[in-house]
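Model the placement of chain B on the given structure of chain A, informed by the hints.
Heads up: the sequence lines are chains A and B, in that order. With the first sequence counted from 1, adding 12 to any position gets you my numbering. With the second sequence counted from 1, adding 686 to any position gets you my numbering.
The set of hints was computed from the structure by calculation and includes no laboratory data. Nothing here was measured: the structure is a model prediction, and the numbers come from that model. Idealized CB from N, CA, C, for every residue including glycine. There may be inaccurate statements among the hints.
Unchecked claim - Okay, the calculated beta carbon distance ranges per label pair:
no.	chain 1	residue 1	chain 2	residue 2	range
1	A	Gly267	B	Ile832	29 to 35 Å
2	A	Phe169	B	Arg743	34 to 40 Å
3	B	Gly734	A	Leu257	21 to 27 Å
4	B	Gly734	A	Phe142	36 to 42 Å
5	A	Phe573	B	Glu700	19 to 25 Å
6	B	Arg857	A	Thr449	51 to 57 Å
7	A	Phe169	B	Asp807	34 to 40 Å
8	A	Phe348	B	Ala772	54 to 60 Å
9	B	Asp807	A	Val336	34 to 40 Å
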Amino acid sequence: MATHTHAAAVAGLPQTMRRPGGILDVVQDWVTTVDHKKIGLMYIGYALIFLVVAGCEALLMRIQLAVPNNQFISPQAFNRLFTMHGTTMVFFVGMPILFGFGNYLIPLMIGARDMAFPRLNAFSFWVSAFGGVLLYFSYFAGSGLYGAGTAPDVGWFAYAPLTERVFSPGHSTDYWTLSILLSGIGSIGTALNIVATTLTMRCKGMKLSRMPLLVWLYLVTSCMVFVVVSPLTAAQIMLVIDRYLGGHFFDTQAGGSAVLWMHFFWIFGHPEVYILVLPAFAFANEIIPVFSRKAIFGYPAMVAATVGIGFISMGVWAHHMFTVGMGPDANAFFTFSTMVVAVPTGIKIFNWLATIWGGNIQFATPMMFSLGFLFQFLIAGLTGVMLAASPFDWQLGNSYFVVAHFHYVLVGAILFMIFAAFYYWYPKITGRMMSETLGKWHFWLFVIGFHMTFDFMHIPGLLGMPRRIYTYEADRGWGGWNMIVSIGALVQTVATLIFVYNLVRSYKKGEVAGPDPWDAWTLEWSTSSPPPSYNYAELPTVGSRRPLWDLKHPDDPDSNFE
Amino acid sequence: MSTAMAISNPTEDEWKQPSRGMVGMACLIAAESAIFVIFVVAYIFYTGKSLNGPTPREVLELPIFSTICLLSSSITVHFAVHDLRASRIGRFIAWLASTVLLGSIFIASTAAEWYKLIYHDGLTISTNLFGTTFYSLVGLHASHVIAGLIMLGLALILAILGKVNAHHAERLEVLSVYWHFVDAVWVVVFTVVYVLGR
Chain A
13 MATHTHAAAV AGLPQTMRRP GGILDVVQDW VTTVDHKKIG LMYIGYALIF LVVAGCEALL
73 MRIQLAVPNN QFISPQAFNR LFTMHGTTMV FFVGMPILFG FGNYLIPLMI GARDMAFPRL
133 NAFSFWVSAF GGVLLYFSYF AGSGLYGAGT APDVGWFAYA PLTERVFSPG HSTDYWTLSI
193 LLSGIGSIGT ALNIVATTLT MRCKGMKLSR MPLLVWLYLV TSCMVFVVVS PLTAAQIMLV
253 IDRYLGGHFF DTQAGGSAVL WMHFFWIFGH PEVYILVLPA FAFANEIIPV FSRKAIFGYP
313 AMVAATVGIG FISMGVWAHH MFTVGMGPDA NAFFTFSTMV VAVPTGIKIF NWLATIWGGN
373 IQFATPMMFS LGFLFQFLIA GLTGVMLAAS PFDWQLGNSY FVVAHFHYVL VGAILFMIFA
433 AFYYWYPKIT GRMMSETLGK WHFWLFVIGF HMTFDFMHIP GLLGMPRRIY TYEADRGWGG
493 WNMIVSIGAL VQTVATLIFV YNLVRSYKKG EVAGPDPWDA WTLEWSTSSP PPSYNYAELP
553 TVGSRRPLWD LKHPDDPDSN FE
Chain B
687 MSTAMAISNP TEDEWKQPSR GMVGMACLIA AESAIFVIFV VAYIFYTGKS LNGPTPREVL
747 ELPIFSTICL LSSSITVHFA VHDLRASRIG RFIAWLASTV LLGSIFIAST AAEWYKLIYH
807 DGLTISTNLF GTTFYSLVGL HASHVIAGLI MLGLALILAI LGKVNAHHAE RLEVLSVYWH
867 FVDAVWVVVF TVVYVLGR
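Isolated chain A, as found in the complex (with noise of 0.2 Å):
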């Protein structure tokens, strides 16, 4: 944690100004900083709020959707459920909850004492989160605050045309836009700043090749987020300027093309996913070595598979279109990159399988989510390669079975990995442990929640039940099912009270961690727990990819086998 006297010289202010101890101390000193540590945490905490609101917006669809024929919610509101459901959470959770681990780990395991860029680092993440603030804002504001305001209604990915002034009048989908513009713009400072981090920030000794995978991984979600999150913020200024300047570029009217939009979009929303999915495999390749207690199998594999990972994600993204009618050449090709997609992600699942493989396995709460993960990840990559085939894709696309695909993704693996982030760096972040019991309690509630809600899932979408309706007739025979997704919904609703309340309790009442209460190996485990202002008073230096493994055993260090 950055000291009163650093945010006091970072912020420029003379001491006398500020009366120590105040809240409005402590909120100055959180505004004002620019401490890597303290913009992470600020990261994750906004992310968690998200987490809880759109967390509780899909349960407010569940139980509309629960029973046939439900009156609980409006279809207008449930629209406008579903939007900001989707929106916050891939804009205002996955990403500013990634970012935050980031942001705090990177300069503590490449060894340096912040970002490259300190303050374009505080630049993003108020950016973001006012971002966050201006989609919410809409509720109030969506018409204009005349009268009642409504949120954005187009849906996550907002097809044109319907997103042209004639077909949303009002304020909302602006909001949508410029709220996306806005978070675009913090991603793509985040992200230039842990690549310069990562490639200028080393301590000595830190080649490339030994860096921790985490960090590997982080480098290549960044480069990705270059190319794949601008074409969306062009995609933006393109709606911006049909809205506001009465531009054409999806006004369909006037020879506009809708198409278009879905290519820009996908082109950034494919490759999002894995955006997403890279920190999740950034965080088990961190964790399942430590409680396998062995070396990751396959560093360099590792490092290739994810590279080519980021490459192929970018050639996917009409898979999103096969039900357009793109023609057969079309359709063959984003079938078989999708289908090629599968090869890396399958290397690593072998390599983290390989890593368990002979260990000494100990089954702490990260170990848990981690071992989760790979079994539901593999799931949703089976999903995966079955809408890939662009036939199955047709009967299938815009069903249930889609929905189902992609949350056991987010939920299953991404999810899972976050929660695993948590309890095994939350004794790092606070300087106490989270508490096992209540953390088997919370994996195993999730656990099985989870899987009632997406296993079951697939069934009305196989059944036809399309996505984004606000209620079913009661015949369909899809009734039952939906009630199982939604109990499921709740079940997994208890486990995150369990998990808020984990982290709550645990951060007075948690068991001292000391600086290495796992008896891991990288760099940010020599500092004490929580670390201090600019991490290291004297920079470290290493010799190997486990660095604390030579220190623990200068016998037997690591650098004699590189």
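Relative to the frame of chain A, chain B by itself:
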């Protein structure tokens, strides 16, 4: 507080990493390039698809002179960095001033072109698809030129005030890379809009 002093490798006395500013600028250029690519793709995709006139062939003229100005400003900014590094401040200011001048000529001729298009040819951003894509692509580039001019102008003012010396050469070089990027984008925009799109 503890520090990790793991076994250090004696062969690594030289520990050099790339410059922060350059890496940051390279990342910014990557992101900006992606934005431009999308606008260029939209321009090409909508070429000839406008439902009504005016068409590019009727109204666009090749901006040869301003293109020469902008491209030569890349050379002048290069010399400016070179002279600053060698602490030849007088020549540095002269080169930097000519860069700003050349860039300003480019922006002025874009303004003149837009004035003609709007008031004489009746082409605005909402006239047709050509207008929408033309003004947004050329305008996106022009806004980057203006951003560059503001930064170069700031450097020029500071230089005239005597606050720039050879220590700032690396920062100015980062800025010059941005300027080269803006020029390179113009080559693409020129080719797509004025050569192929006409």
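Tested hints:
1. A/Gly267 with B/Ile832: 29 to 35 Å: Distance hint for glycine 267 of chain A, isoleucine 832 of chain B holds at roughly 30 Å.
2. A/Phe169 with B/Arg743: 34 to 40 Å: holds, 36 Å
3. B/Gly734 with A/Leu257: 21 to 27 Å: This hint holds: roughly 22 Å between Cβ atoms.
4. B/Gly734 with A/Phe142: 36 to 42 Å: At roughly 41 Å between Cβ atoms, phenylalanine 142 of chain A and glycine 734 of chain B fall inside 36 to 42 Å, so the hint holds.
5. A/Phe573 with B/Glu700: 19 to 25 Å: holds, 23 Å
6. B/Arg857 with A/Thr449: 51 to 57 Å: holds, 55 Å
7. A/Phe169 with B/Asp807: 34 to 40 Å: With a Cβ separation near 37 Å, phenylalanine 169 of chain A and aspartate 807 of chain B satisfy 34 to 40 Å, so the hint holds.
8. A/Phe348 with B/Ala772: 54 to 60 Å: holds, 55 Å
9. B/Asp807 with A/Val336: 34 to 40 Å: Given range 34 to 40 Å: holds, Cβ gap about 36 Å.
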